[in-house]
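Chains A and B supply the protein sequences, listed in that same order.
Numbering (full-length UniProt numbering) for the first sequence: 1 to 293.
Numbering (full-length UniProt numbering) for the second sequence: 1 to 286.
Since the hints were made in silico from the structure, they are not lab data.
Where hints are given, some of them may not hold.
What the hints assert, rightly or not - Across the chosen pairs, the derived CB separations fall in these ranges: (1) B:Leu71 x A:Leu91: 32 to 40 Å; (2) B:Gln89 x A:Arg10: 49 to 57 Å; (3) B:Val205 x A:Tyr72: 48 to 56 Å.
Claimed, not checked - Simulated pairs of lysine-lysine, DSS-like, Cα-Cα distance not exceeding 27 Å: (4) A:Lys188 x A:Lys102; (5) B:Lys157 x B:Lys233; (6) A:Lys280 x A:Lys188; (7) B:Lys92 x A:Lys280; (8) B:Lys233 x A:Lys280; (9) A:Lys70 x A:Lys280.
Claimed, not checked - Over 10 Å on every C-beta distance to chain B, these chain A residues come out as not near it, computed from the model: (10) Tyr9; (11) Tyr13; (12) Phe19; (13) Glu64; (14) Pro168.
All values derive from a computational prediction rather than experimental measurement.
All residues carry an ideal CB built from backbone N, CA and C; glycine is no exception.
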Amino acid sequence: MDRYHSNTYRLFYLLNIMFVIGIAAVCVLPLVHLMAVSLSEKGAANANLVGLWPVGFNVSAYREALANEKFYDAFIVTIKRLLLGTSVNMLLTFLMAYPLSKEERAFPYRNVYVWLIVFTMLFSGGLIPGYMLVSQLHLIDSIWALVLPAAVQTFHIILLLNFFRQLPKEMEEACYIDGGGHFTALFKIYLPLSMPAVATLILFSMVMHWNEWFSGLIYMNKVDLYPLQTYLQALLDQTKKAITIDDARHAAEASRRSLYSAQIFMAMAPILVVYPLLQKHFTKGIVMGSVKE
Amino acid sequence: MMLLPGMALLVIFQYVPMAGIVIAFQDFVPTKGFFGSEWVGLQHFEFMMNLPDTATIVINTLVIAVMKIVLGLIVPVLFALLLNEIRQQGVKRTVQTMVYFPHFLSWVILGGILVDVLSMNGGAVNRILGWLGIGPYFFLGDPGLFRGVIVVTDVWKEFGFSTIIYLAALSGINPVLYEAAVMDGANRWKQVWHVTLPGIAPIVVLMATLSIGGILNAGFDQIFNLYSPLVYKTGDIIDTWVYRAGLLDMQYGLATAVGLFKSVVGLVLISVSYWAASRFANYRIF
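Build out the structure end to end from the sequences listed, making use of the hints.
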């Protein structure tokens, strides 16, 4: 192919590859820097001597963070929420996507239900009524306040029901002829055939529960019930309050920089681990759910 | 029958709060509840219109959201075009993995990182600017810079993820079209102009249309984690204001009224843009 061999194109190609790699570096270097700070000795971290490589390598910041009971509690709350929340999300997504993927003939008023679900994506009561409801249900300070309001994930349902609709109908009919009911069809046929979509949804649901901090902030009155991200948010908020123009010139608040970095890094680490494993699935899942012919 | 548990939760946690909107018309006192509180009609809405904050937060919300939408469309398209040129699969995949990653981190984590990287006191960005003889800037505390920081950091977090969709659209372009263009004597630029861009135009238009619906969502999570009273003037948006007025200052009725205003405008915009998307791009969500 001639078009790849002109000199200008080669120059462009070289610059392009450098540019693209540069952009990718900009996306991850701040994270590398954070890790370097967390692994450096305190003096170097506070004096801002750390670049992308730890200075005076040690893990004392991590030890200090893990010895902190509050951090540990918050970690446990998050794990609980993650397991409970993801299971509830997935179960409800399966149960709702299956009937809604049927045709109007097989399931009367299907469209009414779909619109009821979609409408919640478009309009909501807003922050205050939502908060009032949770408090009047006496869910404040309960882990269910973190799980139930987000139990039905509208977007997940739509993604999965679109996936279900692409599957061949004959499999399902064969299942009914063999005496299977709807539950058999759903769990034995539809779900196993939808693994790429299901894996994507599990990833999204887990990431959401891991990262979500706002409901923890408003629904939990006691700090020891805070999930990890909420705890971290409260911690960082304290430091941020010190950042006025004058304070910024003082280094006082930076004295525990390596400790903060270690905590932030630990809050990010699980995603770092899960992410590469599921990446190929979600790329497929996203494209499938959003680009349609 | 299978729908029951899900629908029940949906009704409780989505539709019941919609009924809770009545507190926008009440002088709501939590101990008296929805039924005991006094009705005040449209008083909160009148108050809202006369509040000096209102103009500020609406303008901030719109400016930030519009800048995010525009850059959030242009940057991923350009990046996808450049990335699409790369033929070393290893490089391409590694770059993709790296640029998608920030999408999966919360604004709490990124806020923590950005506060550090952007700090006046030896933050990486100010140090680099220092070598070039510029700055230092107080990025997160200067009202003149804050919106820019918000938009740039948001694009930084999300552009990689949006790139996925455009890359998929690019790979869907029929290679025969390129061959035909080459036969007609098109150089690289002309190929991009006459084949690639028209090929992805429908999906770009679709994404643009759908993003209009979110124009009052300037990004609560992000701003909440990065702002401070120093930058309320340019950085306070509807959602952050509702949070402070409602949950911190306990002006429930007023905050609900402002929230309702936002939801209604949002609903109208989403309906219009969805209608436009289905009309012009033949797009349907289910």
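Evaluated hints:
As the Cβ distance of Leu71 of chain B to Leu91 of chain A is approximately 39 Å, the hint placing it in 32 to 40 Å holds. Checked against the hint of 49 to 57 Å, the C-beta distance between Gln89 of chain B and Arg10 of chain A comes to roughly 19 Å, which is inconsistent with it. At about 50 Å, the CB distance of Val205 of chain B to Tyr72 of chain A agrees with the hint of 48 to 56 Å. A hinted pair counts as satisfied when its Cα atoms are at most 27 Å apart, and Lys188 of chain A with Lys102 of chain A qualifies at roughly 17 Å.
This hinted pair checks out: Lys157 of chain B and Lys233 of chain B have alpha carbons roughly 24 Å apart, not beyond 27 Å. Restraint check for Lys280 of chain A and Lys188 of chain A: satisfied, since their Cα atoms lie roughly 24 Å apart, inside the 27 Å limit. Only pairs whose Cα atoms come within 27 Å are accepted, and Lys92 of chain B paired with Lys280 of chain A is accepted, the gap being roughly 14 Å. A threshold of 27 Å between alpha carbons decides the hint, and for Lys233 of chain B with Lys280 of chain A the separation of about 43 Å lies outside it, so the pair is violated.
At roughly 36 Å between alpha-carbon atoms, Lys70 of chain A and Lys280 of chain A are farther apart than 27 Å, so this suggested pair is violated. Against chain B, the non-interface label of Tyr9 of chain A is violated: not every CB pair exceeds 10 Å, the least being about 6 Å. Consistency note on Tyr13 of chain A: stated as away from chain B, yet its beta-carbon is not over 10 Å from all of that chain's, at 7 Å minimum. Once the 10 Å rule is applied to beta carbons, Phe19 of chain A is inconsistent with being away from chain B; the minimum gap is 7 Å.
Every C-beta of chain B lies more than 10 Å from that of Glu64 of chain A, the closest at about 17 Å, which supports listing it as non-interface. The Cβ of Pro168 of chain A sits about 19 Å from the closest Cβ of chain B, beyond the 10 Å cut-off, so the non-interface label holds.
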